[in-house]
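K.L.:
Chain by chain, the residues run as shown.
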Amino acid sequence: MEKKYKVRLHGSEFNLEKTKKGIKVNNYQFKPEVIFNGKFYRVFVNGRELKVEFRDNDILLDGKIIDFDFKSDPHIQTRKGSILRKSADIRAAIPGKIVDIRVNEGDEVADQQCLLVLESMKMRNEILSPMAGVIDSISVSIGDQVKSRQLMIKIKLK
Amino acid sequence: MEKKYKVRLHGSEFNLEKTKKGIKVNNYQFKPEVIFNGKFYRVFVNGRELKVEFRDNDILLDGKIIDFDFKSDPHIQTRKGSILRKSADIRAAIPGKIVDIRVNEGDEVADQQCLLVLESMKMRNEILSPMAGVIDSISVSIGDQVKSRQLMIKIKLK
Amino acid sequence: MFDTLLVANRGEIAVRIIRAARELDIKTYAVYSPVDKNSLHVKLADESFPLIEDGVTPSYLDIDQLLACCLRENITSVHPGYGFLSESEIFAETMIKHGVNFIGPPPKVIELLGNKVKSREKAVEVGLPVPLGSEIIENERHGIKEARLIGYPVLVKAVFGGGGMGIQRARTPRELRIAIVNASAQAKSAFGRGDVFLEKFIEQPRHIEFQILADNYGNVVHLGERECSIQRRNQKLLEEAPSTAISKEERKSIGTLVCKLAKKLGYKSAGTVEFLYKDNQVMFNEINPRIQVEHPVTEMLTGKDIVKEQIKIAQGEELSFKQSDIKFRGHAMELRINAEDPLQNFQPTPGYVSRFVAPGGPHIRFDTAIYEGFEIPDCYDSLIGKLIVGAETREEAISRAQNALKELIIIGFPNNITFFNQLLQDRKFQQGDISINFIEDRKILEKLEKNICALASALFAVGLKKSQMNLPSLSENWRMKGKMDAIGRD
Amino acid sequence: MFDTLLVANRGEIAVRIIRAARELDIKTYAVYSPVDKNSLHVKLADESFPLIEDGVTPSYLDIDQLLACCLRENITSVHPGYGFLSESEIFAETMIKHGVNFIGPPPKVIELLGNKVKSREKAVEVGLPVPLGSEIIENERHGIKEARLIGYPVLVKAVFGGGGMGIQRARTPRELRIAIVNASAQAKSAFGRGDVFLEKFIEQPRHIEFQILADNYGNVVHLGERECSIQRRNQKLLEEAPSTAISKEERKSIGTLVCKLAKKLGYKSAGTVEFLYKDNQVMFNEINPRIQVEHPVTEMLTGKDIVKEQIKIAQGEELSFKQSDIKFRGHAMELRINAEDPLQNFQPTPGYVSRFVAPGGPHIRFDTAIYEGFEIPDCYDSLIGKLIVGAETREEAISRAQNALKELIIIGFPNNITFFNQLLQDRKFQQGDISINFIEDRKILEKLEKNICALASALFAVGLKKSQMNLPSLSENWRMKGKMDAIGRD
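Protein chains in written order, with the numbering used here: chain Y, 1 to 158; chain C, 1 to 158; chain P, 1 to 490; chain U, 1 to 490.
Derived Cβ-Cβ restraints for the label pairs, each shown as a range:
(1) 437(U) / 44(C): 32 to 42 Å
(2) 126(Y) / 324(P): 47 to 57 Å
(3) 31(C) / 437(U): 31 to 41 Å
(4) 173(U) / 144(C): 33 to 43 Å
(5) 1(P) / 372(U): 35 to 45 Å
(6) 279(U) / 38(P): 53 to 63 Å
(7) 64(U) / 25(P): 53 to 63 Å
(8) 278(U) / 320(P): 30 to 40 Å
(9) 27(U) / 132(Y): 55 to 65 Å
(10) 60(Y) / 50(U): 17 to 27 Å
Because the hints were derived from the structure by calculation, they are not lab data. Glycine residues also receive a C-beta, built at the ideal position from the N, C-alpha and C atoms.
Between the sequences and the hints, there should be enough to build the whole structure, so can you do that?
P.N.:
Structure representation (structure tokens):
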């Protein structure tokens with residue numbers, strides 16, 4: 001039985017699948033071997049040996065406190081990108097400021113076309129369209145401060 | 001009206017008296033002048049100017065968080081040391097280990113005579129008698145670990 | 001002597017300036033935008049004043065508010081730090097006009113150095129090599145003519161630009177036409193003036209810069225070079241000194257020319273002369289008339305306090321040492337710790353600092369303005385700390401930095417700590433064989449991703465083993481940690 | 001090369017050793033007594049093992065337990081730190097006999113240096129000046145005869161003593177009789193052997209010491225001197241380098257003799273040769289065959305890592321530098337931050353660390369094993385941190401230290417931070433005019449008490465003003481702070 005998870009390590013999220021062959025993270029396949037010696041776990045993976053410990057409420061990787069967690073994720077599609085999208089909600093992945101909007105409502109857009117520019121921490125990030133389609137609605141204006149996950153643009157199939 | 005207080009500053013305790021002439025701390029007399037500018041207090045004392053601020057739950061002295069508090073203290077005698085003691089409880093001022101006991105129950109002791117040696121943090125502290133008298137009881141033994149405020153010896157008048 | 005100083009900046013450099021001023025017995029005044037209310041520089045300064053965000057000029061760029069604060073509080077000097085108003089001759093001029101000492105070079109010098117074509121000319125005059133290049137380009141035809149002389153590929157650069165912005169590369173006349181139009185438009189929008197010029201594109205150069213100090217009496221010294229080739233998105237990530245590319249003789253000869261240039265310009269205060277380096281040849285790039293993020297590298301190497309020197313120079317003190325007094329010792333390295341996700345093309349990741357432990361030990365310095373419980377605002381840059389190490393050799397500096405990274409704990413958002421682990425263990429990096437394309441050339445991000453995925457699989461496997469031992473059956477939602485935060489469980 | 005190392009110590013020096021070992025890619029093993037379970041050295045080490053307190057031998061002194069740990073875990077080297085077993089030739093010998101490398105000098109050398117009379121003889125042999133003194137005193141009559149030759153006042157010192165223990169002063173033959181009896185009894189009880197000898201008592205000397213490094217191949221270098229005259233209860237409080245009393249020529253000539261002495265002794269590893277200094281004259285005191293608390297002063301001054309050098313020497317590496325390669329730069333100073341109350345005769349004050357902020361910035365180092373929430377045990381020494389500053393001059397070192405003390409926050413129990421404020425602002429200290437009697441001579445504690453009382457009155461006055469403004473009537477029990485702790489209100 002295959003199971004899919006979201007894992008968070010060092011603050012970043014990864015897709016993880018438990019397969020018969022081992023554990024697949026993003027597109028890499030691993031076969032970690034774990035030994036528990038009563039005090040800590042030794043893991044052999046990818047040619048390295050790691051030490052994992054649990055102390056108080058912390059997880060320590062090679063003696064260093066890290067941020068790690070995971071959850072099962074029913075929302076992960078089996079084959080990524082293989083389904084035909086009917087619409088897309090463009091949400092801010094990070095908080096920031098809208099410094100440019102390059103499309104108007106009703107515009108046709110191509111897959112991977114730049115929709116708007118989101119500035120965060122002095123970096124300009126071009127937000128690209130995940131599909132070809134038509135701009136359904138734009139709910140932000142230039143100069144707006146947006147929060148993480150805030151809806152910015154809706155796109156639908158032509 | 002004179003009032004007596006205990007104040008704690010930097011973890012140490014001091015005796016404070018509010019008098020007509022000003023404020024007496026231990027045996028020093030001061031006349032601090034305080035000005036509030038709406039944001040912080042400026043204090044002129046002992047030839048210096050200080051700045052005192054309250055932020056969140058902290059007191060800041062010249063911008064640095066300090067440990068300060070006080071309470072009124074009805075137990076402080078008006079004139080220190082002027083009353084004749086009838087007995088004394090010798091308590092540990094600090095936690096530590098008894099490394100030597102120099103008296104026995106029933107012994108006569110002089111004022112300021114060494115009663116026992118308390119070792120704390122590798123320092124040997126000679127504990128002296130606050131009065132002339134007779135050892136009433138000894139409630140510790142060499143090698144004992146004592147806590148702060150723990151009773152070690154009782155002394156009574158001869 | 002100054003008795004009061006306004007810190008017209010925020011973050012770690014504001015903290016740095018406060019420390020320097022306090023050692024000189026100068027009272028420090030911080031200013032802060034609404035989101036910076038709880039920042040460390042506000043806590044450390046003797047006094048602090050809020051800036052109002054009026055929606056027009058961002059607060060730290062608001063000359064009127066900063067000036068008003070100085071006049072109201074009788075503040076007699078101002079340090080601009082880096083970024084913000086540090087290279088604004090208008091700011092410098094305004095402050096000086098109102099009797100506030102500006103800690104930096106004279107406004108006329110800042111203005112001249114803002115013009116990249118004129119800066120080049122001055123460098124040429126003292127005998128510093130420059131890349132092949134042009135005057136200001138009048139039109140596309142002029143550009144194509146000049147490019148033929150220079151030879152493709154060429155860069156189209158903004159005359160009044162800086163920080164890698166408004167730069168376009170062109171390989172053919174056709175590309176050049178478009179590049180000139182685009183670069184000019186970008187320059188106009190970013191810097192207010194659309195003038196551009198051409199420069200020969202150098203493939204895989206190193207970025208090397210010299211630190212100088214100049215007082216008001218014509219004394220100029222250099223504090224050696226810094227190697228800043230490890231970059232991402234044209235921004236520096238790791239700086240070190242000395243450079244493995246520069247010999248003692250080159251240091252001396254380039255250093256001498258750099259000092260000559262500073263004298264010719266009438267330069268005062270601390271400054272940095274930037275070069276590209278390729279095939280045993282430095283080529284002048286530009287001068288940064290301000291303190292730089294990476295100045296601690298040179299402080300570690302020389303024992304100096306460059307920010308204090310800036311203040312002392314502005315106070316009218318003469319430099320207390322000569323070139324021959326400067327003792328370079330060992331090797332120094334700075335790692336810029338950023339709130340950014342290397343695996344998402346270094347996308348910034350502002351957030352809440354839920355855990356913070358700084359590294360310690362011999363020859364370790366950690367400059368930061370964060371603390372546990374601090375919320376990093378999203379409207380400023382992603383730099384959250386600078387790990388600086390000193391060592392006897394470059395090899396020791398690397399091992400010391402690796403060890404310090406083991407001690408450094410920052411939890412709450414993605415950051416580039418593990419990126420540096422990956423970088424420092426790269427063989428070519430360890431050999432000092434680097435260029436500004438290093439991260440791509442060595443596929444550091446690809447290796448990093450694989451390694452982090454491996455760690456994730458290892459930790460997951462441990463969780464699996466742990467729960468098998470502790471629980472009767474496999475639960476779908478384990479709780480690895482007591483304290484949960486960002487991700488939000490199902 | 002070692003791959004494993006046992007740290008047979010605790011506190012900040014254990015943390016220091018772990019850092020050095022990790023940079024050399026050596027796996028570190030900590031041990032801890034029951035009260036040290038939550039100590040930082042336990043958290044930082046790769047692995048850690050509890051020591052059992054059997055009520056007979058304190059755990060960190062228990063050679064059997066330490067050896068058993070090494071044998072059980074296959075640990076191939078041991079670093080003793082300072083204090084505890086660091087000067088025990090029996091410990092060194094035992095470890096070596098069982099195949100565990102002891103990081104320190106050979107046991108025979110430790111043994112010889114434990115004998116203060118023999119150490120003196122060796123120093124005389126290489127031409128180092130010693131104070132007038134005697135052989136081992138056979139009886140009181142012998143003592144009186146020797147004292148007549150030396151001249152009163154004399155010190156009666158334990159032959160096998162150390163750390164200022166078992167020393168008695170005598171001004172007359174009558175005092176001498178008592179002193180010999182007492183010193184001998186004390187020495188017997190503290191060191192197991194009652195032998196004593198006499199030495200001329202030097203009034204108000206300075207304490208100056210030279211740091212040496214010697215490898216297994218006869219290479220010996222010195223890293224200059226440290227001045228450690230600021231002491232209380234015969235224990236160092238502040239150390240600095242260079243000493244204001246030692247000229248460049250003296251540094252060279254004494255340094256040369258010190259290296260000669262080390263060679264004569266067959267010394268290996270790091271060590272310190274201690275001197276008294278009076279009237280432009282050094283007088284040999286003793287050699288400490290171990291790392292010292294104040295070693296970071298020399299690290300800051302020279303850029304070296306002395307603990308790493310110790311490990312490398314023990315691994316059989318040759319010193320990688322010669323005397324002429326050592327670059328002394330500027331001035332360095334260490335302030336020992338102790339949990340002690342200067343106003344109560346420096347009585348120790350263990351407690352709970354409710355607030356801790358370490359200082360930062362250029363040329364600042366803070367070595368510690370405490371953290372917020374740590375409970376300082378009462379059975380070990382009172383050292384809780386070492387503030388080390390580097391600077392270009394002594395004057396700058398003082399201002400840098402003063403500034404760092406402003407940043408250093410330790411709340412929960414009395415400590416000596418404010419004591420150092422008082423000390424550093426003393427005019428004579430600033431002039432470098434110091435001796436081991438400095439604190440008494442300059443009435444530092446009296447001035448400190450008055451100043452702290454003044455602060456208390458000021459804060460009280462503020463509380464008064466504050467409550468008058470905020471409350472309708474004066475309450476007897478104000479609450480100055482939200483968070484309350486130790487004192488316990490009425």
